[in-house]
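Asks: Based on the sequences and whatever the hints tell you, model everything.
Residue numbers (the numbering used here), protein chains in the order written: chain A, 1 to 539; chain B, 1 to 505; chain C, 1 to 267; chain D, 1 to 314.
No lab work stands behind these hints, which were simulated from the structure alone.
If you're wondering where the values come from, they're calculated on a predicted model, not measured in any experiment.
Heads up, some of the hints might be wrong.
The calculated SDA-like cross-link candidates involving lysine to any residue, where the alpha carbons are at most 25 angstroms apart (straight line), are [as the list claims (entries may be wrong)]: (1) C:Lys158 with D:Asn296; (2) A:Lys62 with A:Phe15; (3) B:Lys303 with C:Pro218.
Far from chain C, by Cβ distances over 10 angstroms, these chain A residues were calculated [said to hold, decoys possible]: (4) Glu92; (5) Ser331; (6) Lys495.
Covered stretches of chain C, as calculated for chain A (at least 3 residues, CB under 8 angstroms) [said to hold, decoys possible]: (7) 165 to 174; (8) 178 to 187.
The beta-carbon is built from N, C-alpha and C at its ideal position, and this holds for glycine as well.
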Amino acid sequence: MEEAILEVKELNIEFHDHELPETVVSDLSFTLHKGEILGIVGESGSGKSMTALAIAGLLSRKDMEKRGEILFRGQNLLQCDRNMLRSFQGDEISMIFQEPMTSLNPVKKIGWQVEESLRIHHKELSKEECRKKALDILEGCELKPEVYDMYPHELSGGMRQRVMIASAMICDPEILIADEPTTALDVTIQEQIIHLLLKLNRKKHTSILFISHDLSLVRRLCENVIVMQHGVMVEQGSAEEIFAEPREDYTKVLTGSIPKVVLTEERRERLLRSLASGTSKTDPRQPLVKTDHLYSYYRQYGKGKVRKVGVLKDVSFEIRPGQVFGLVGESGSGKSTLAKALTGIVKDTKGEIVRPENGFAMIFQDPAGSLNPAKKVGWLLMEPLRIRGIRDKKEMQQRAIRMLEKVGLSAEYMDRYPNELSGGQRQRVCIGIALMQEATVLIADEPVSALDVTVQAQILKLLKDLKKEMDLSILFISHDLRVVYNMCDYVMIMKKGEIVEQARRDKIYFTPKQQYTKDLLNAAGLGDLSITNEIDQEK
Amino acid sequence: MKLKRFACVLMTLTIALSGLTTGCTSGDKDGKASSSITIGIPQDLDSLDPHKAVAAGTKEILFNIYEGLVKVDSDGNLVPAVASEVSPSEDGSSYTFTLRDGVKFHDGSAVTAEDVKYSLDRCAASDGDSAPLVPAFSNIKSVDVKDAKTVTVNLENPDTEFLANLTTAIIPASNKEPEKNAIGTGPYKYVSWTPLEQVVLKKNEDYWGEKAYITDVTIKIIADGDSIVTALNGGSIDFFARLSADQVSQLSGDFTVYEGTMNLVQALYLNNAEKPFDDVRVRQALCYATDVKAILDMTSDGKGTPIGSSMFPAFGKYYTDLSNTYPKDIEKAKALLKEAGYEDGFTFTITVPSNYQPHIDTALVLKEQYKEIGVTAEIQKVEWATWLSDVYTGRQFTSTVIGVDASTLTAPALLSRFVSDAGNNFINYNNADYDAAYARAIKTTDDAEKTAAYKECEKILADTAANVYIQDMAEFVALNKKYTGYTFYPLYVQDLAKIKPADAK
Amino acid sequence: MKKFKPNASLLAGCILVGLMLLMVLWGWIATPYDPNAMDADLKFAGPSLSHLMGCDNFGRDVFSRILQGVGNTFIVSVGTVAIGVVFGILIGGLCGYYGGWLDEALMRCNDVLFAFPSVFLALVVISLIGPGKYQVIVALGIAFIPSFARMVRSEFMKQRNRDYCLSAQLMGASSLRTMFVHILPNALPVILSSVIIGFNNAVIAEAGLSYLGIGVQPPEASLGAMLSDSQSFLYKDPMLCIFPGVVMALMILGFALLAEGLTEKKK
Amino acid sequence: MRDVIRKLASMILTLLIVSFLVFLAFDLIPGDPAIAKLGTQATPEQVASLRAEWGLDRPFLIRYFDWLFSFVRGDMGYSYHFDRAVTELLSGKILITVTLVIMAFVMIVSVSIPMGIFAARHQGGALDKSIMVSNQLLMAIPPFFSGILITFLFGVGLSFFKPGSFVSYTQNFGGFLFYMIFPALAVAIPKIAMCVKLLRSSILEQWPMDYVRTAYSRGNRTMQVLYRHVLRNAMIPVVTFLGMTLADMVAGSIIIEKVFNIPGIGQILIKCIEYRDYPTVEAVVMLIAFLVVFVNFMVDIIYRILDPRMRQSS
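Replies: See the structure below:
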């Protein structure tokens, strides 16, 4: 094992902004070795980000107490002089953050921001040298040199995260702290960033402290893993150990919450049979939802004329009663636009749309945003009834309470405001409101993406139960192939407004036809499940 | 950081500049105070053209630049000016003038009979296109040049009072732009006029009469009434006419305050054609309810002359004191109201122009006084232009507080407006006795009879309570003690030529 | 949920505003003296036990006039803001919610109104409808619409694209219901603080109009009118301007602190 | 570029509507220019002939379009009240008002920006608190009253300048500038207070942003973070405010000009409204409206320079 480069000993972080001190990290100790990639895994509130910020020297609020030691180059970063700390920041220890969209200064050019650490720590370098180094590192991060003179808003999320990495790596730091660096990115982009980090780690021998909630990601990237919960280290060990044989209960729950993609023998048989026959069973029932060669546009204003820009191109599909229809795609694939076109919010469309009699109800990705923050939960639950013209207060109240219970919340939540609820609770309320509308088809647009894995599992279970109980049809939109596998019977994959592939679930997952589908599966770590090769061999 | 430094530089610059300039400003006044004076006037000139200027405030300044064939002296008498001799015809149908020798315009040219004819014709608009600039000149039949020094004015209808109108300025026929370049014959020459800022005059060294004492006169326009006191005390101006009692009480000790009268008839003018003021008893009731002395005490420390009719003391022989016609008597007022059917009082509106604070103040006191007889007055401030068109011209009002002045020092200037069919009879006064008495006064050439007839007119106005007459307001003039010699005129005139440095003899 | 913790600004603001409201009420119910009663003997009388703040140039009791003036200033400001807010919400709401040509057209009108010097606007409106308390409210109210409309518009635009609006539309809520039942409560905090600031601007604007001689009609008092009238006697009786000046400053200060306290609390 | 043209077109449209409304307003309000000019001694014949001379006897729309065409050709008409061409009248006065506004603006920028930064830097400190409290007080003073106070303090009390004695810039430019410092101060004070408050809160709003954390993570000092990163972002709302302030001051100079007896365009406007001198009123309002619209336009452009995100979308 290489020499230890960073030692954290008995780290404690407490907040004092409330009446009772709140401990966010307690007695955390670990060591980071030269060239190691160490993962810290935990759900929100586990203290993983606080730890990262403490190491990076970015926790300096007055109402906060930090105890313990963070040893780097013989200095305790918690105690040392600010100038000393500053001389490490950006030069020896650098950091990249979760939100590449907001982590760059919007009004400064990329080149200026990438070079900044050089200007601060290597004043001896001339302007030209700085520029050259910046261009080099940009190239190393697989960015074009034109980026140097661009502004952040002109780049995509993935590119911005590369810029962040470039600016963090420009001084060849000893330690790179990556705080959820891929969470906000599409799976394929995520994959590229992971590769970039690995490449840099190997080439420059930089130690990486990788913080994430995504277990499968950590498993693929890190050598060693720390699992945290409520500020306490639950388990520590090599990545393989932790995932293969978790010792602690929490770790087990955590790993168990990852939706499994497994092809049972029975289903394998069925899949092979249907593949052999070449035809799939057609559902005799009338489709509830149907689109026929659907196109949609949005109008771009300004620059003198109104321009119609196409979003959806030639989209045709059907949803049958009782079906859970999975719609997978990355950002910009048009999956949300499709949902809006179906519901009629996007009006500028061409092509036939068949809508169910009772219309759609919808659940959104961000439960905080889709609940009116000015209203109480009870009011929100009753709103669909009110709109339908029901005036009886008592009846409405009873129905709302019944619905709350149905989604796993007690009646006391009637008088709460959305911001007093946790993310999972909010999403439950959203589902409740959607069900109150008594629509035939429920559209769930990334309903669990913003939630922690354990909560995610609960919500998915709730949706499944409700589906069974109420015989719902669901259009389930997600970028997460594992989740989709768990929920859906039928899957459609979209890219840039066009359908790439649609078929029964197992067909898509185990015998993908299109390259893009394969890419997606690969990025999700599901690429090796394909049985296409086996089939070919059998033939 | 850059911004901050930039700001600092700017600040220093500003301060440096200001330091520089204080040196400049303070120097130019003190040394030769005696040969220059700065006076303040409340409103800007409306024109430099003496025939087109209508505002009293303009005319009182132009008095120093222009002269007519005759002009007014400080006693209100007409004295020859550009003309040296006036000979009216017996019946008052023509006036012959002999021009004074050696009268020169400010541009150096001598005044000729042609200039006189030009000036008078211009005002009479004898080319017939437009209305005469001086309304009274519609009576001029012709202006004849007899010889280089003699001019005769012939009238359509004989008028013994016509001479008063011939104070109209004589201007050179050669000056094509009188509105831009003021050329007259007065004791001061026009130098410059910057609108809303100032007018600069210079002593006319070639003046035919008694020359002015002070060489340079700067007339500053101080539009905001509240800054007058500050401007006087602060030394920006040395002279200001028509101050209120309150303003005077706030002056520093550097000023001599002259006290005179405004020479106008301040009254609550009542629309005699409108209910309830079409009833003489109601008008009288208001008169009885009015306590003029209290008004004076309240608004001007008791200064001002109570009057009882449309005539003020400056008119001398025509004036009789009628201010005691209606002594304050609440009971009588109430009785009159009861008689007229307004036992429970009534509500009426007093319209006042918003730019004349003294009239607003008077209206405020009146409102309080009328409460005693159960009459509610509501005060409505209107802009001057609105007052002119709605109240004065349109006669759409119930009552208004205003001061009516005299354009010339002749009784008709005040009394003609109450003749039933007079164009400017804005109160709609209608009284056959009055019409007869006034006609008698105009016709006669006998001075005693004329005076008696005018006095009868005044008495009728008072007895029928045409308006609630209040006062001829007190006028205060502040002059810096460095100067002396201010002289009151019975008309709107500021004679700057009489002001002299205090140390000069 | 955090417990309600009053901060210093909010507390001070509440106290001052409460005091003001008390004065307003007092002025409406009864004043120690008739605020218009004149007395020549009391001209420029200094503060005394019988006349707390002395008397003015007509011998009127200044304290009584201040009570009346606070009331009038209050009515004018509330009225002005009410007009501004109601029309501002209507115009701004429609523009922000619907966008498109309606937005273009209404915002163009707004620009026109904005391009007018507000004092000029008030002068013209007063000339048109005559002077007086209620006319001043109308004149100032019109001048206040554009800024409110802009603010409401941008707030509605921000809220319009939030998921909860889509969600309301999906439930079948009408546009009006979405605008006023769903969006408006969320825009209220922002509107509230600009209402308070608008109130202060109205107080100052009323004072400005009084200074130009087109405020409330005499003899009625308003703080602005008293302040501008007192100017003529600055050398003689500076107290005359100090009292209304201080009361006005405290009033504005109170509302400003209240607004700040409310925004602080929100955070 | 297209955007700029679009903006310009809408500017012109705005100005056209403003001009029409002013014309309409003056047709509706009571008071006749000819009567106002001639005063109490006028006879109906005089009034009629003056109305004819000024063309007031023609129908409203003809008068408007006649005015508009002359205006477009650069002829603003003849001032009834001042008895001279409007162009000649205004050309001497614009500089006065513009000087007042610019001086006040310089004061606002040069005082409030350092002060706002200071207050934000020392947020919660005693000095910050006292700045904020005095800010609240300064905002609570009506401008005309602060004008009077300044006259009293600097003019009467300290004799720095002679109250009411406006110095014409044609006579003594230095004296003119010096005199203008005080009214500019009166205009600037409440605006400075507002601007300090805005800048302070704008900086504090930027502080929790992610990019600030990034800047710290590169080893920037707080001052460096402030000046290199936060300030430009924080200035964006301040620029809008400053633009509005500039426009506001042009229009609001009316009152301060009256207090300090400055013969600027505000004073002219008041006088000309009083005397129904509508060619002048029309010209002044157009001028002010133009300045307001133009300043908004400039703000838009500065916005684009400050915030690259604005350059892309319209």
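Asks: If a hint holds in the structure, say so; if it doesn't, say that too.
Replies: Structure-based check of all given hints:
no. : hint                   : verdict
1   : C:Lys158 with D:Asn296 : holds (22 angstroms)
2   : A:Lys62 with A:Phe15   : holds (9 angstroms)
3   : B:Lys303 with C:Pro218 : holds (23 angstroms)
4   : Glu92                  : holds (36 angstroms)
5   : Ser331                 : holds (16 angstroms)
6   : Lys495                 : holds (24 angstroms)
7   : 165 to 174             : holds (count 8)
8   : 178 to 187             : holds (count 3)
Checked against the numbered hints above, the structure breaks none of them.
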